[in-house]
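*Asks:* Chain by chain, the residues:
Protein chains: 2
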Amino acid sequence: MSIYRDLGKDFDEWFDWIVKEAEVYDYGRYPVKGMGVWLPYGFKIRKNVVELMRNLLDATGHEEVLLPLLIPDSILAKESEHVRGFEDQVYWVTHGGLTPLDVKLALRPTSETPLSYLESLWIKSYKQLPKKYYQFVSVFRYETAATRAMIRVREVSTFKEAHTLHSTFEDSERQVAEAVEIYSTFFRELGIPFVISKRPEWDKFPGAIYTIAYDTLMPDGRTLQIGTVHNLGRSFTIAFNVWIHMPDGTMDYGWQTSYGISERVVASLLSVHGDSTGLRLPFKYAPIQVVVVPIPTGPDEVRREVLNLCAKVLEELRAGGTRSLVDDREDMTPGDKFYYWERRGVPLRLEVGPREVQSKTVTVVRRDNRARISVKLEELTEAIKAVGSDYDNAIKSEATEAFSRHVVRARSLEEAGSLIEGNIVEVPWCGRVSCAMEMELKVGGRALGTPLKILDSDIGELKCAYCGDRARTFMRYSKRY
Amino acid sequence: MSIYRDLGKDFDEWFDWIVKEAEVYDYGRYPVKGMGVWLPYGFKIRKNVVELMRNLLDATGHEEVLLPLLIPDSILAKESEHVRGFEDQVYWVTHGGLTPLDVKLALRPTSETPLSYLESLWIKSYKQLPKKYYQFVSVFRYETAATRAMIRVREVSTFKEAHTLHSTFEDSERQVAEAVEIYSTFFRELGIPFVISKRPEWDKFPGAIYTIAYDTLMPDGRTLQIGTVHNLGRSFTIAFNVWIHMPDGTMDYGWQTSYGISERVVASLLSVHGDSTGLRLPFKYAPIQVVVVPIPTGPDEVRREVLNLCAKVLEELRAGGTRSLVDDREDMTPGDKFYYWERRGVPLRLEVGPREVQSKTVTVVRRDNRARISVKLEELTEAIKAVGSDYDNAIKSEATEAFSRHVVRARSLEEAGSLIEGNIVEVPWCGRVSCAMEMELKVGGRALGTPLKILDSDIGELKCAYCGDRARTFMRYSKRY
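Protein sequences, first through last, are from chains Z and R. The numbering of the first sequence is the working numbering, which starts it at 28 and goes up by one. The numbering of the second sequence is the working numbering, which starts it at 28 and goes up by one.
If a hint is listed, it holds; no wrong ones were tucked in.
In silico DSSO-like pairs for lysine-lysine, Cα to Cα no more than 30 Å straight-line:
(1) Z:K74 x R:K158
(2) Z:K364 x R:K158
(3) Z:K412 x Z:K74
(4) R:K105 x R:K151
(5) R:K480 x R:K159
(6) R:K47 x Z:K151
(7) R:K158 x Z:K47
(8) R:K364 x Z:K159
(9) R:K158 x R:K105
(10) R:K71 x Z:K74
(11) R:K74 x Z:K71
(12) Z:K159 x R:K47
(13) R:K60 x Z:K159
(14) R:K151 x Z:K364
(15) R:K364 x Z:K151
(16) R:K364 x Z:K154
(17) R:K60 x Z:K131
(18) R:K159 x R:K105
(19) R:K423 x R:K311
(20) R:K311 x Z:K158
(21) R:K159 x Z:K60
(22) Z:K159 x R:K311
(23) R:K47 x Z:K158
(24) R:K423 x R:K364
(25) R:K506 x R:K36
(26) R:K311 x R:K71
(27) Z:K311 x Z:K159
(28) Z:K71 x Z:K339
(29) R:K225 x R:K506
(30) Z:K311 x Z:K403
(31) R:K225 x R:K158
The hints are simulated quantities; they were obtained by calculation from the structure and are not laboratory data. As the structure is a prediction and not an experimental result, all values here were calculated from the model.
With these hints in hand, go ahead and build the complete structure from the sequences.
*Replies:* Here's what the structure looks like:
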């Protein structure tokens, strides 16, 4: 099965193959389980994704900071639900050199606890609020389950965590809405389709009032959680005494939210757009947007002209702000080069041979549909931008349309069960936890949660698929990563 | 004593004060010794410094990667000199959750060992060489000495480490020269004065053939090591079997170099330019280059005009690519704002009051010498660029000239001893290790090493200050951090 398009092999196999073959991420060879290496090409993809997120956060008043990696036992343990949620999967530093440390130090699994501790020192008054911090860091989870490159790792090396503080619950709710807006823009920009669900009570972040999550479908039909937004309420501000002067002269605890994404974004970017040949990166975020491949046939003089034209084309592309290169390797055929750059997902290929020299054109080949377009030299920069933008729209709609076909509604548990492979199945639900849990068992998938907004007209006369009472919303189920 | 300019207090006190007061780095309050927090303003300074280094490395064919933080015991221990150099100061992870790990994992103190291990998998042929990798990461040293914000920390959170691999020793030597060139450009750009010394044999990086180091003088007259370049020879390629197909068909071990900088660069950037009021950041690298301060006096209408003009000026500055803001806080006097932004080292202040509205000018005040210049509105963008560039040249020359006065030569050990406080003292030396070590004891400073290039005419008839034999070079001594 492949949700988006034929991958020529199983998704698992495809993913391991392309991550290695396109030199994105070296996985399974580093001598610590669950820890991989970002290779130069992968690092550039990661960098563009990180920059997009940074720009969105900076534009909305978030401030980047960098906290220490190590969290003392006493700080991590301060919020009791939180520590129960993480204690099994925390790595502990116990020695400095040969000396045992006085206090065990955790490798951060996430930073609610140290940041709340710091906020108790930094924030004194409502006048300083709202405060929105973020950082890009590594976080560590001692996962006991089987690991997968970028998808389930023990060192999450591209964790963006935002943490905000507010003087009222209403303002924290407004912040949750802003975070949802930011993440929606982010995933849309990358063409990664998603549903947003309010996670069930029993699956929220340890310490949160509620958790909103973004899930995409991987090509094998399983959902992958690619972002979460938590309203933390006052769990941490009470535990850490984040005690604030309020406008009315009283003192009270602040309200917090936090939200995060990880390299799963990169994993899904690769997966939702890729095909059997390899990656297909969005033009806007590809490390290399255009590769120029010379096709030097004929006498030496003609070959020289071909290479000259390539150099000229490259200069013009770069002057126009397009990330480009000429592949002038001499020990490879043009065909091998085509395949090499297609695998790496470069959106546009320019072919330059004797014919192009003569006609003063270049041939542009799109990575998605391999359409060939002849472009006059004097129109090159504009044409590339236009084709690049068409290409982006095409691969994004392709992903979104395929995804939509796999978000389906079922009226009965039997129907839901028959749809659960490869789909996100929405089942009418009365709102009782017991019904949702029973349905989970029957449907054979796991509960993702409920849509953020439901119109009465969406529900109509639907009944809870378990108890038959009037439905209030839908519970979503899927096979989950 | 203050090498550069009066700081109004001891350097130690000044540094702790300004790092806190300008909200650069929160130190000494995080509940793990030797670990600090980059605050939003400090993070922006750090970001500009990091970007400068990244640009220099990318432009010279270096590729950014990201390796795991954790290094298994067996990998770290593979090169024997190296592990002896680090074993006392490595943090060890011993548990995942409550489970003891099979293998102890070190928090990376530096990445020669894991990268050499990976190179043994990645690099097969001389055709792939030279290979130049770098990463920006945190490294950890369990320092037992007293710690200082950014200067001596247990989590070095802004470590740039570059690692290169070559097929010949000659090529590794060429790489050392390139690294020296890159670092020299980097420090010159930031106006951080330095000497480059080949460190003495007994003070080189564990595993290296030799170490070249950059030292600057802090205002208290002690030297701070701000960058190092190592020729690693084949210590690690032999230990890790980085075994390469050579052009002549044979197989042989590769040659390596590595070079690093840390947040000490930021510490020295703040220290060499600062004054008793606070920071003075270079215009080119300041997070905020220009602050516009409205001086709204008189009737409401005039006040409105002043604020309108401020908004117009801001728009124009930003359109011209200048990082600017208007400080329109209502609960602060203009004078308090002046001081607030001076402390933070903003290079230029624009004052806009009723007089400026009337004359269609703005008043530009330089942070370094407080010179006031009146600029016509229509010339604003150009004028700001010109003044910014003058300001940069001024603060850079100031630092360089002050520094040069403190690099001095002594002919005798007595003279060297009398100069050692507050200076880098160059003492003629015959080249014998025993002489250099004896001199170190007598001079009362520590040996920094020898200049990279020495002309015969520099030496002339000079004699080794210890044994009286003919001098071959100078050994540099200083009080070191």
